[in-house]
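> Listed below are the residues making up each chain.
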Amino acid sequence: MEPDRPLVPSRRRFLSAALVGLSQKSGRAVTGSFVLESHEAGHRLRDRAFAAMPAREQRVPLVIVGGGIAGLCAAWRLRRRGFRDFVVLEMEDRAGGNARWGENEISQYPWAAHYVPVPGPGPSLARELFEELGLFEDGEPSERHLCFSPQERLFLQGRWQEGLEPAGTPKDIDQYKRFSDRMADFRANGAFRIPAGDSLRLGELDRLSMRDWLLREGFDSSYLQWYCDYSCRDDYGCSSADASAWAGIHYFAAREDHDPGPFTWPEGNGWLVKRLLERVGTHVRTGATVCQAAREKNRWRIVTKEIAYVSDAVIFAAPTFLAPFLIEDMPAPQAFEYSPWVTANLTLDRLPRERGVPLAWDNVIFNSPSLGYVVATHQSLASRIERSVWTYYWALADGEPAARRRDLLASGWNRWKEAILDDLTRAHPDIRECVSRIDILRLGHAMIRPSVGFLTSQARRKFTAYEADNFWFANSDLSGISIFEEAQYRGVTAADRALARISK
Amino acid sequence: MTFILFFSVFLIAACGLIYELIAGALASYLLGDSILQFSTVIGTYLFAMGIGSYLSRFIGRGLVARFVTIEAMVGLIGGFSSSILFLAFAYTESFRFLLYSLVTLIGILVGLEIPLLMRILKDRFQFHDLVAHVLTFDYLGALGASILFPLLLVPRLGMVRSALLFGILNAAVAFWSTFIFRHQIGSPAGLRVICLMVLAALGAGMVGADRLTGLAEENLYADEVILSRNTRYQRIVLTRWKDDLRLFLNSHLQFSSRDEYRYHEALVHPGLAALPHARSVLVLGGGDGLAVREILRYPQIERVTLVDLDPEMTQLFSTNPMLTELNGRSLLSPKVRVINADAFPWLSENGEMFDFVAVDFPDPTNFSLGKLYTTAFYRLLAKHLSASAYVAVQSTSPLFARTSFWCIVETIRGAGLKAHPYHVYVPSFGEWGFVLAGAFPYEPPALLPEDLRFLTPANLSNLFDFPRDMQPVDVQPNRLNDQILVRYYEKEWSQIAR
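One line per chain: the protein sequences are A and B, in this order. Under my numbering, the first sequence has 328 at position 328, and the numbering climbs by one with no breaks. Under my numbering, the second sequence has 187 at position 187, and the numbering climbs by one with no breaks.
It is worth saying that the hints were derived from the structure and are not from the lab. Every residue gets a Cβ at the ideal spot worked out from N, C-alpha and C, and that includes glycine. Take these hints with a grain of salt, some might be off.
Below, a sample of chain B positions facing chain A; criterion: calculated Cβ distance under 7 angstroms [what the hints assert, rightly or not]: (1) A132; (2) V338; (3) N340; (4) D342; (5) W346; (6) S348; (7) K371; (8) P477; (9) R479; (10) L480; (11) N481; (12) D482; (13) Q483.
Input sequences plus hints: build the corresponding full structure.
Right under this line is the structure:
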């Protein structure tokens, strides 16, 4: 595999500049910037540099900290159970968290999470919510919300091929078959479920990495290993050498074999955020950064810049690692490691030329350090699409997360832009002539890493079971898997616990 | 020397007649009605020659220089005449104006030639010999041209290159005249430069003729391409062979004027004739206006809405005389509203109801077009149907693409509609399939419009009978999330093509 070194110009670019004495055909001027920057506010929180002297005080029985999917689903659950006396405090200008979205003159587009697999027929929270949102018609998933065909393609050996599994030699194909059979066995034994919840049967699979498990089981096909590594980077932001085998297997074994979906929308999971906000938006306070949460007598005092909320209970749906910065005596969640990410939205004034099967929803470049791109206009009903927005994902999976976070902040927009365009140029030689704008989102703590041992760790158990002083954690990071269903499960579970305590 | 002089007369006479023939042939080719076109073109041309002859009296000094200049101009204008006319037909709406302007201009210049030449030669020959010889070779040239034109030039060179070739001959006459009459010209060098420039331009035209009319495409298309246009959405090509006009979109045959009535009658009448109370009709695709032509046969229809993606397509079929003749000027009817939009989003954003819908999309050759054949599409369409409405869907060939055809039927059923498949034989397409869909069972109508060319009430029910080799096969419905139809279609047509 090629080293993940985005900021060094590619060999071809370097040679063309040095030997030919000409820079590469530069294409058009590309505009754009970093967007939705949050690290400064985050670092001020970390350094306890907020001096909030709120003018007002408000009494509210329950405060939810964090307006991402977990917080919004907690709110959804509370409203469904008839409870209305709560607020959701969101630090950003818009709710949504990792399901935030943007919009330009061409399309809406996601900034992070962009799909949810179709929930199985059995009862589940996701099924309940999706039925309510009209995503099922007569028990069948609604076609307009399912990912249109073609869904996935892979750029391999100079052309695009259908699907994400690289077509290889008979040995590779044989190993795929064997791998797929093993995953079917895991699926059948029922241990790998979505949401994974807390009653996990983890066994020894959390004590070795996905990569080591593959080697132990004799899966030495480099194509299969690439595919599993890609899956870990895609779902967890870390390589298969860092992800626990349990999490790596969960990616395959927890999903239905013949999934008709997934559900997806131009704005990604922002579509779900909008529907949730239609139901609970009146409770959401945006731009409400919590600077401090302190226990006073038998109540919580949640301090934001303008208002201090005095509540009986708190659901902490923001990332768990933030808790010690806000709450005195809260131990740091040491085992919680988060992956740094870059997401870019590219505005294309025309589609580039390419070889192989046509543009799909999810487009992955083999052996690229990035995760490829998702096409925001893919769910358009139009038969003719001339301009588009591509959402390009890049998990900084290699090396120490802290070091990669420093890289992330040290490099300017221009270097990220060049690195992204260089990566895409492999599959689309004329990409520079098509792109007019690149907006880039840098996330230092994009998602939790299910590193080896994390799921079985005492530290994780401590936070999932935390119950002192009417305070519950609810972020999906408690699950070690940053997906919609986990966030929903955590939010709903915390809401149920809070209601049980408050109504007493 | 004498021979060369009279050979020149022979050539310029031939050239003059060729330009006239080309103008007449092109006009009847592109506008139809050859008697009218030839009569008016010949009349205009002869009259313009008369004007030229009259104007020759105003030319006094420098006769030879004037003669050479005129020859070069005839060569240039006549040589490019057919290129200009082809382009005008494809890209402007002022074809007739340009046609008669060109004919008049060339006629005037050609009318100047013989009187000037006779005056130049008057000192070399006895007058009675001169008149006899010049006119003899003039008429001989006309004979040669009129024989060469249909037998050799049009079939071998085509109109564009024939005109250019004779333009070159004209300019060549001008060029060697500067040598023959060099003692009667003050400074021949300037004239020679002009002649060479004209020759170079015409030569370049010969080389670039392929691009001018898409002659390259004549290799692809069996017949002569008379119009080819790249729009934002597609490549529109029109070919003609005798009375057979064919339209190709992105190289796929859309219709042949010889048998399109079979296709369009079959698309419209089985459904619409069964709906005596229909008032409002929707046509999706079908920017050629041919389905609309059939719909307008019903006087009770008050409103036809045509939704086609490509404005250039509907514009072409609203303005081009040859095409409006074919569609009966249907797109210009006050009952017809033309909307240039993508059909699926248009339906999704629009709440109108219709009593009959004709769906005439291109075949599902790719995932973009495949969206228009999905259960999601038909479900949406069903929401736009009034209570008793029918939809007729062009559904590719049940013989060549049997699985694809029955997949469309299954898809329509999957969307909750009753589907009544039928088929007709269209010689230029082969066996072709349609599906009539609606909320109710279907009974073929007892009455059809009277002036149809293909369907009769008696043969109507036969269309719904499928012989063994076209009978249903086991298929899945086509959904947005699997687009199985595009895969079926690709597989089936690739087997046919092999």
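> Against this structure, judge whether each hint is valid.
Tested hints:
1. A132: 68 angstroms, violated
2. V338: Hint on B/V338: violated, closest Cβ of chain A at ~18 angstroms, above 7 angstroms.
3. N340: Since the shortest Cβ distance to chain A is 12 angstroms, the answer is violated.
4. D342: 4 angstroms, holds
5. W346: 9 angstroms, violated
6. S348: Hint on B/S348: holds, closest Cβ of chain A at ~6 angstroms, below 7 angstroms.
7. K371: 6 angstroms, holds
8. P477: 10 angstroms, violated
9. R479: 5 angstroms, holds
10. L480: 5 angstroms, holds
11. N481: 4 angstroms, holds
12. D482: 5 angstroms, holds
13. Q483: 4 angstroms, holds
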